[in-house]
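Colleague: First to last, the sequence lines map onto chains V and Z. Residues 1 to 390 in this note's numbering are what the first sequence spells out, letter by letter. Residues 1 to 292 in this note's numbering are what the second sequence spells out, letter by letter.
Hints listed in this document are in silico derivations from the structure and should not be mistaken for laboratory results. These numbers were taken from a predicted model, which means no experiment stands behind them. Backbone N, C-alpha and C fix where the C-beta goes; we use that ideal spot for every residue, glycine too. One should not assume that every hint holds.
To give a feel for the contact side, a few chain Z residues facing chain V, derived at Cβ under 10 Å [claimed, not checked]:
| no. | residue |
| --- | --- |
| 1 | Ala87 |
| 2 | Pro101 |
| 3 | Val102 |
| 4 | Ser152 |
| 5 | Ser159 |
| 6 | His184 |
| 7 | Asp198 |
| 8 | Val236 |
| 9 | Arg276 |
Pulled a few chain Z residues facing chain V out of the computed Cβ check, cut under 8 Å [claimed, not checked]:
| no. | residue |
| --- | --- |
| 10 | Pro75 |
| 11 | Lys109 |
| 12 | Ile266 |
| 13 | Leu274 |
| 14 | Ala278 |
| 15 | Asp279 |
| 16 | Pro283 |
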Amino acid sequence: MYIPEYHAKEILAQYGVKVPEGGIARTAGEAEERARALKVERFAVKAQILAGGRGAAGGVVMAPTPSAVGEAAAKLLGTRLVTAQTDAAGEVVERVYVEEAVEAAQALYLAFVIDPTGARPMLLGSARGGVDFEKEAQADPSILETLHLAHDGAIDADALGAFMVRIGAPEPARAALHDLIAAMVRAALRNDALFVEINPLVITPANVAVAVDAKMILDANALFRHPEFETTAREAVRDEYERVARDNDLNFVRLDGDIGVVVNGAGLGLATNDMIAEAGGRPANFMDIRTTATSFQIARGIELLLNDPRVKVLLVNVHGGGMTVCDTVAEALNFAYSRNSRKLPVVLRAAGQNADWARSIMKDRRLPHENAATMRDAAARAVAIAGGKG
Amino acid sequence: MAILIDADTRVLVQGLTGRAGTFYTDLAIRYGTECVAGVRPGKGGSTHVGLPVFDTVAEARDATQANASLIMVPPHRAADAMIEAIAAGIGVIVCVTERVPVLDMLRVKAALDGADSVLVGPNSQGVLSPGRCKIGVMSTRDATPGAVGIVSRSASLTSEVVAQTSALGLGQSTTIGIGGDPVHGMGFADALRHFRDDDETRAVVLIGEIGGTEEEAAAEYLRGADFGKPVIALVVGRHAPAERRMGHAGTLAMLGARSAAQKAQILADAGVLLARDADDVAPMVRKALAGA
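If we strip away everything but chain V, and leave its shape as in the complex, we get (with noise of 0.2 Å):
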C-alpha cells in the first residue's frame, strides 16, 4: 500500500522526523496561498502521485515567490506525469504539496527495507542521495550501505555509529541524523511498513538532518490493526478494475493485451500468462481467484474483462482444488453471461476437482465455449481466436 510523499510525510513527523514545512493544495490558488503562510524565501511545489521517479519528470519545481508557486502548482495541476515508476499513460495530479525549499550542505539517502531472507528489518544508506541514485546504486552497488537492525528493530548504537560514518554523514551532524533513523525505524515499526525511503536526506549548512523526500509502502495485510488507513489503502488502488476486483477477493492486475484471463491460484495465474505469450498471444489481466471467492465475487470479475473493449476472448484456466472447485468458475461465467449481453467466447480448460461437472454447466447453460484438454492447447486455441484466426 503506497503512501504518497505528503501523508508519509505527516507519519514520520508524529514520530520525531524533522521534515521541511509545507501544505498540500488542490488548485493553484491554495497553492499560492499555501506558500504565502510558509514565511520562507524558497519554495519547493511537488506533484503528489502514487509513484517516485517524479524529480527527474518534472514533477518538483522550485518556485521563489507564492506568486511563481501559483503559477507552477497551474502547470503540474490536472496534467499526466509519466516517471520511471508508473506506467506510460502516466497518472493525473491532483494534488501538489508545497514547501520550504531546504538548503542543502550534502544530500543522503536513507531506506527502511525488511530483508526477507534474514528476517530482519535493515537500514540502506548512501553518501549519493538524490534522484539519480537509484540508476547509480544499480550500476555501481558499492555506493550502497546495509545495516541489519534486530528482528524486533532495536538499533545497535555503536553499529549505527559506524553506518553513518560509512554513509559520510558528516560529524556534527551525526547526534541529529541518529535521532531521525531511531524515529524512522520507530515509525516504520508502529505503522506495519515493508518499506520508507527518504531521498534526498539533507544535511543543512547548519548540519540539521531534513527528509526533504519520502515515501513508504505499508503491509496491507496489517491493515486490521490500523484502521486509520483504510481511505488510504482504497484510495492507493488507482484503477478502476482493480478496485472492484479488490472489493470481490480476487487479484487482478490489467495488463495491455486482448486475452481475457480467468484463473484461481496466483501461481497459475502466471503460468498460463507464460503460455499465452510464448504462443504469441498478450494476456489483457492477471487473475488469481482467491480461495474464499463466491461464484458471485468470481462473476463480477468476468463482468470487468466483458466489458473490456479491448478483451477479444476468455481463457478459463481451472485446477479445482482443496478449496476452488471447478464448477464454481463455471457457475460464475454463467452468471456474468446471463447479465452480460457481450458474449465473448471461451476457451475452457478444466482440471481436478468437479471438471466434469463444469463442463455440464457450460454446455447446459449454452455459453459460447470450447472445451481444451491441455492448458497449452488453451493458450493456443486463445491465441488463434483474438487473433482472428479462430
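Given chain V's structure and the hints, the job is docking chain Z onto it.
Modeller: Structure of chain Z alone, referenced to chain V:
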C-alpha cells in the same frame, strides 16, 4: 518413507473449532490422518468433530503426544499460534493462514531460531504424504503414493503437477507448499535436504516463481550437495510485467532481485532440469526417471 509426515504423525489442529478448521479437519480424518486434538483457548474440555479440545498447545501435546500441528486461525492470531507451537516443541508446524503481517513473521522467525520445530508456511496449502497423512487444505483427489517429491510456492500449480504425475503413474512421496509470503518457514533448500535423505523419493519437482530468493537458495544448496536425484524445476512469471507501481522495484533491483528467467538460469547452472511450461513437468520427470 515420506518426508516430514507419515502414517505415524499425530496431528493437533490450532483453530479446530472455526469454520475452516472444522471442515478441513473432517476431511483430513476421512483421508486417514491421525488427528488427535484441537486447541482453542476458552474451549478446553469440550469435544469437536470427535476430538478433545484443549486451551493450550502444551496441554494438547501432553495429553495426546501430538507431534505436528495444523494452524488455521485468523491472521491476527497466527503469529502467536505459531510461536505457541514452537514453544511447545511441536516437530512439524503447518500454517495455512493467509495474510499474516510481515512484522509478525519476524517475531515467529526469531522464535524459530535454535528451536527444533520445522515451520511450513504461512500461506501454505500444507504438506501431504499421499495415502498416509494430510496436513493442510489441498485436494487429495489426484494424489497417489509414489516416487516424486514436490516442493512449491504455488498451491494451484502443485495440484496441477500432482494430477500430472499421478496420471503418468509416478505418484508422490510428499508434497510441500512453502507458501507465497516473503518471510516464511521452510524454504526450497530445506525441503531438498529432506528429499535427498528419503529413499522413497526418486525425483524432486521444484515450482518457483518471480520474487524472493528461494530459487537462488535452492541452486546454491544443489551446487554444494551431492544430490543424486534428478531435480525438475518450473519457474513461472517469465512474462509478468516488471513491478513498477509499488515504487520499490528499483530498490529490490539494487538488492539483487532477479527475474523468473534469471532464476531459471541459475537453477539450470546448478544442474536442475528446466520444464518449458506447466504441461511439461510430468513428462520431464518420467524421462529423467527412465534415464536414471
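Colleague: Output the numbers, in ascending order, of every earlier hint that fails for this structure.
Modeller: Numbers 1, 7, 12, 13 and 16 - these are the hints that the structure violates, sorted from lowest upward.
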